[in-house]
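Colleague: Next come the chains, spelled out residue by residue.
Protein chains: 4
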Amino acid sequence: MSSRPLPQHPALKAMQEIAEFVVRSVNLIDPAEVDRMADVLVDVYRRNGKVLVMGAGRSGLVGKAFAMRLLHLGFNSYVLGETIVPSIAKGDVAVAISGSGRTGLIVEAADAAKKVGAFVIAITTYPESLLGRIADLVVRVPGRSKISKMDDYFARQILGLHEPLAPLGTLFEDTAMLFLDGVVYYMMIRLNVTEEEMMNRHANVEL
Amino acid sequence: MSSRPLPQHPALKAMQEIAEFVVRSVNLIDPAEVDRMADVLVDVYRRNGKVLVMGAGRSGLVGKAFAMRLLHLGFNSYVLGETIVPSIAKGDVAVAISGSGRTGLIVEAADAAKKVGAFVIAITTYPESLLGRIADLVVRVPGRSKISKMDDYFARQILGLHEPLAPLGTLFEDTAMLFLDGVVYYMMIRLNVTEEEMMNRHANVEL
Amino acid sequence: MSSRPLPQHPALKAMQEIAEFVVRSVNLIDPAEVDRMADVLVDVYRRNGKVLVMGAGRSGLVGKAFAMRLLHLGFNSYVLGETIVPSIAKGDVAVAISGSGRTGLIVEAADAAKKVGAFVIAITTYPESLLGRIADLVVRVPGRSKISKMDDYFARQILGLHEPLAPLGTLFEDTAMLFLDGVVYYMMIRLNVTEEEMMNRHANVEL
Amino acid sequence: MSSRPLPQHPALKAMQEIAEFVVRSVNLIDPAEVDRMADVLVDVYRRNGKVLVMGAGRSGLVGKAFAMRLLHLGFNSYVLGETIVPSIAKGDVAVAISGSGRTGLIVEAADAAKKVGAFVIAITTYPESLLGRIADLVVRVPGRSKISKMDDYFARQILGLHEPLAPLGTLFEDTAMLFLDGVVYYMMIRLNVTEEEMMNRHANVEL
Chain A
1 MSSRPLPQHP
11 ALKAMQEIAE
21 FVVRSVNLID
31 PAEVDRMADV
41 LVDVYRRNGK
51 VLVMGAGRSG
61 LVGKAFAMRL
71 LHLGFNSYVL
81 GETIVPSIAK
91 GDVAVAISGS
101 GRTGLIVEAA
111 DAAKKVGAFV
121 IAITTYPESL
131 LGRIADLVVR
141 VPGRSKISKM
151 DDYFARQILG
161 LHEPLAPLGT
171 LFEDTAMLFL
181 DGVVYYMMIR
191 LNVTEEEMMN
201 RHANVEL
Chain B
1 MSSRPLPQHP
11 ALKAMQEIAE
21 FVVRSVNLID
31 PAEVDRMADV
41 LVDVYRRNGK
51 VLVMGAGRSG
61 LVGKAFAMRL
71 LHLGFNSYVL
81 GETIVPSIAK
91 GDVAVAISGS
101 GRTGLIVEAA
111 DAAKKVGAFV
121 IAITTYPESL
131 LGRIADLVVR
141 VPGRSKISKM
151 DDYFARQILG
161 LHEPLAPLGT
171 LFEDTAMLFL
181 DGVVYYMMIR
191 LNVTEEEMMN
201 RHANVEL
Chain C
1 MSSRPLPQHP
11 ALKAMQEIAE
21 FVVRSVNLID
31 PAEVDRMADV
41 LVDVYRRNGK
51 VLVMGAGRSG
61 LVGKAFAMRL
71 LHLGFNSYVL
81 GETIVPSIAK
91 GDVAVAISGS
101 GRTGLIVEAA
111 DAAKKVGAFV
121 IAITTYPESL
131 LGRIADLVVR
141 VPGRSKISKM
151 DDYFARQILG
161 LHEPLAPLGT
171 LFEDTAMLFL
181 DGVVYYMMIR
191 LNVTEEEMMN
201 RHANVEL
Chain D
1 MSSRPLPQHP
11 ALKAMQEIAE
21 FVVRSVNLID
31 PAEVDRMADV
41 LVDVYRRNGK
51 VLVMGAGRSG
61 LVGKAFAMRL
71 LHLGFNSYVL
81 GETIVPSIAK
91 GDVAVAISGS
101 GRTGLIVEAA
111 DAAKKVGAFV
121 IAITTYPESL
131 LGRIADLVVR
141 VPGRSKISKM
151 DDYFARQILG
161 LHEPLAPLGT
171 LFEDTAMLFL
181 DGVVYYMMIR
191 LNVTEEEMMN
201 RHANVEL
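Chains as they are written, first to last, in the numbering used here: chain A, 1 to 207; chain B, 1 to 207; chain C, 1 to 207; chain D, 1 to 207.
It is worth saying that the hints were derived from the structure and are not from the lab.
The structure presented is a predicted model; accordingly, all values stated were derived computationally and were not measured.
Honestly, I wouldn't trust all of these hints.
[To be verified] Once the Cα atoms are required to be at most 27 Å apart in a straight line, the calculated DSS-like pairs of lysine-lysine come out as: (1) D:K114 to D:K90; (2) C:K50 to C:K115; (3) D:K90 to C:K50; (4) B:K114 to B:K90; (5) B:K13 to B:K115; (6) B:K13 to C:K13; (7) B:K50 to B:K115; (8) B:K90 to B:K50; (9) C:K90 to C:K50; (10) B:K50 to A:K50; (11) A:K50 to B:K90; (12) D:K50 to D:K90; (13) D:K13 to D:K115; (14) C:K13 to C:K50; (15) A:K90 to B:K13; (16) A:K115 to A:K13; (17) C:K50 to C:K114; (18) A:K114 to A:K90; (19) D:K50 to D:K13; (20) C:K90 to D:K50; (21) C:K50 to D:K50; (22) D:K13 to A:K13; (23) B:K13 to B:K50; (24) D:K50 to D:K115.
[To be verified] Rough simulated footprint, nothing fancy, chain C against chain D, three-plus residues with beta-carbon under 8 Å: (25) 76–87; (26) 130–140; (27) 195–202.
Glycine included, each C-beta is placed from N, C-alpha and C at the ideal position.
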């Protein structure tokens with residue numbers, strides 16, 4: 001996409017290719033899905049409901065980074081697997097993150113969340129996956145799954161990533177991280193929250 | 001203390017000695033300190049304030065076990081070091097757990113909590129420690145510190161523990177765990193919370 | 001069991017009853033099961049294999065406390081759900097902790113561990129549970145399950161705990177904590193590890 | 001920088017600006033610093049030493065994502081703040097991540113790591129910060145600190161980010177995430193580790 005020459009150092013070259021993958025991914029994310037996600041989040045915020053974020057492995061870390069910003073925005077956000085996880089119910093929202101959409105524990109947790117009446121948002125590369133089918137809303141985020149060869153084809157032919165410069169789920173995880181940071185920015189606008197207010201909600205006692 | 005014969009298996013013998021240490025410790029905890037702690041917790045509960053629990057290493061795990069039960073009781077409880085830690089302020093409560101009372105990070109965190117106006121409760125074997133002196137309220141819980149030889153004397157001569165059957169901070173950690181579970185029971189009475197209500201607040205989506 | 005008068009303060013009374021429950025539990029644990037567990041641990045230690053500890057909720061915290069001591073003893077110990085969890089295989093050991101023996105995620109994880117060839121030790125109140133049946137070795141640890149009424153009967157009639165002074169899984173969790181600390185002591189003897197050596201393996205950089 | 005039109009949706013527009021910030025950052029990272037970091041990592045790998053990753057808040061999550069990949073690559077990697085953190089010594093490596101370079105706990109932990117003889121690598125925007133001065137090696141990664149107004153100027157004038165589309169430490173965190181994924185790719189080459197080998201080291205029992 002860019003005529004910018006790649007840097008010579010292989011680590012920086014890989015970094016650049018990943019970042020350019022994310023740049024290209026922006027246009028592959030459906031603005032209507034993003035809008036619907038934002039509406040659901042604004043709604044749960046106004047009703048003072050809970051947001052439970054769930055993901056396994058590195059996708060779980062991306063989820064934690066998002067949940068932390070939701071806290072700074074004033075949400076009642078929680079992370080599955082932490083010590084403090086309240087029960088959730090109808091009116092609450094679950095955000096489930098899985099590139100392949102078939103991480104067993106996340107599929108089960110999303111299913112449990114749906115059964116108690118929560119609204120389930122899936123962040124995944126595969127809308128047709130088990131997770132995608134459970135979810136009330138799917139936001140499709142590009143990535144190369146760590147399992148599928150077709151993914152490789154997709155990554156190489158369609159997106160122009162000619163070498164596997166990013167092993168396993170890296171492309172999805174990094175794209176999801178930056179996408180969710182974009183959502184955070186949009187929440188600042190929609191909820192009229194300033195950066196100063198976010199800083200004030202930042203933990204003031206740290207370990 | 002007990003005329004009950006010790007079991008022959010060394011693991012079970014050590015378990016029994018630790019449990020009997022806890023039994024003996026009950027009478028060494030000052031009921032007035034417990035009452036004050038309970039009053040502070042009931043007060044923050046009624047005002048819908050936050051409780052931030054902090055501890056390092058195994059004391060941190062004891063703190064997490066307590067924070068989880070506080071959540072089940074209906075408290076807004078949090079654990080220092082987790083993803084979701086809100087800012088705290090005057091009117092909130094910090095519970096700091098450290099056998100020696102001189103775990104650097106906990107002393108600093110308790111100090112930070114006090115500076116923003118939170119009420120600091122220290123659970124420690126050493127009221128005269130740095131943590132003890134920072135705290136607004138100290139609840140002294142017996143243990144053998146992992147650092148002090150006097151502790152050994154205390155454990156052996158006064159409490160009758162004739163062999164070091166529990167390495168490092170074990171005696172404090174186990175005694176603190178059971179003490180805090182006693183406090184949880186007392187909160188059920190004081191706040192009129194039933195076990196069924198606690199079960200309903202238990203996470204219904206788990207990872 | 002004890003003629004010692006209960007303390008007047010309800011929190012301390014509950015603490016004492018829990019501690020005396022643990023004391024009584026010692027004699028209900030089968031020394032042969034403990035011995036077999038110890039042999040398996042000594043064996044994996046000598047072969048430099050891995051020990052993966054797993055538990056949900058407060059049982060998970062008890063597992064973390066045990067895993068931390070295994071690390072101090074010189075084991076390659078890990079905790080399911082943490083960032084750093086290596087793959088395991090034949091020759092490794094999984095320790096699964098669940099009072100009821102039917103915590104879904106732990107049953108599944110134990111099953112996955114067994115399928116890759118690891119030796120599964122279950123710490124549970126119910127040897128006949130799903131977890132108990134999956135395990136290669138069950139160590140039965142008394143407790144009152146958070147779900148079974150029969151448990152209540154067991155706790156009250158057989159063990160003499162006349163009031164539910166400990167909600168949900170508390171009795172199992174506390175008994176398991178002290179039992180595993182007994183196992184830690186026994187490992188010190190079996191592996192000839194001193195407290196000083198354990199202290200030297202203790203984290204020297206802390207957060 | 002790019003003539004590519006920004007998407008209309010504000011969330012996607014923010015995502016794109018963050019991703020383009022990362023693309024521009026690639027050329028601001030010194031290849032010599034990256035090479036030195038890679039050499040230190042290859043060396044500790046060959047000597048079977050330990051790598052301890054440390055960071056607070058979202059930088060800590062970025063560190064966990066890196067530590068997980070190091071594990072997949074075959075490193076003995078650990079994360080400060082987790083249950084299983086071994087003691088470290090001369091010959092081991094600490095990777096400390098802090099955009100501002102003045103996160104108190106990370107500065108202290110890096111200092112403790114240095115005192116026991118570990119080699120400290122700092123990932124920070126500010127080489128002149130306390131962390132930068134403690135470190136044996138600084139890899140400068142661009143970002144907008146959450147504290148400095150000069151940063152804003154830097155971000156806006158030099159890097160062309162005209163609106164604060166990314167609150168607090170977001171730009172540093174996302175840039176560090178993708179930079180460290182670039183380092184992971186480079187380690188695959190240097191250590192001759194295939195993606196299949198990484199997948200085989202991936203946890204096969206998950207919670």
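Colleague: It remains to establish, for every hint, whether it holds in the given structure.
Modeller: A quick look at each hint next to the structure:
1. D:K114 to D:K90: 9 Å, holds
2. C:K50 to C:K115: Holds, because 16 Å separates the two Cα atoms, which is no more than 27 Å.
3. D:K90 to C:K50: 25 Å, holds
4. B:K114 to B:K90: 9 Å, holds
5. B:K13 to B:K115: 45 Å, violated
6. B:K13 to C:K13: 24 Å, holds
7. B:K50 to B:K115: 16 Å, holds
8. B:K90 to B:K50: 10 Å, holds
9. C:K90 to C:K50: 10 Å, holds
10. B:K50 to A:K50: Since the Cα atoms of K50 of chain B and K50 of chain A sit roughly 17 Å apart, the hinted pair holds (cutoff 27 Å).
11. A:K50 to B:K90: Within the cut-off at roughly 25 Å; holds.
12. D:K50 to D:K90: This hinted pair holds, its Cα atoms lying about 10 Å apart.
13. D:K13 to D:K115: 45 Å, violated
14. C:K13 to C:K50: Judged against 27 Å, a Cα distance of about 41 Å means the pair is violated.
15. A:K90 to B:K13: 50 Å, violated
16. A:K115 to A:K13: 45 Å, violated
17. C:K50 to C:K114: Holds, at roughly 14 Å.
18. A:K114 to A:K90: 9 Å, holds
19. D:K50 to D:K13: 41 Å, violated
20. C:K90 to D:K50: 25 Å, holds
21. C:K50 to D:K50: Holds, because 17 Å separates the two Cα atoms, which is no more than 27 Å.
22. D:K13 to A:K13: Since the Cα atoms of K13 of chain D and K13 of chain A sit roughly 24 Å apart, the hinted pair holds (cutoff 27 Å).
23. B:K13 to B:K50: 41 Å, violated
24. D:K50 to D:K115: Holds. K50 of chain D to K115 of chain D sits at ~16 Å (cutoff 27 Å).
25. 76–87: Satisfied; 11 residues make the cut.
26. 130–140: violated (count 0)
27. 195–202: holds (count 3)
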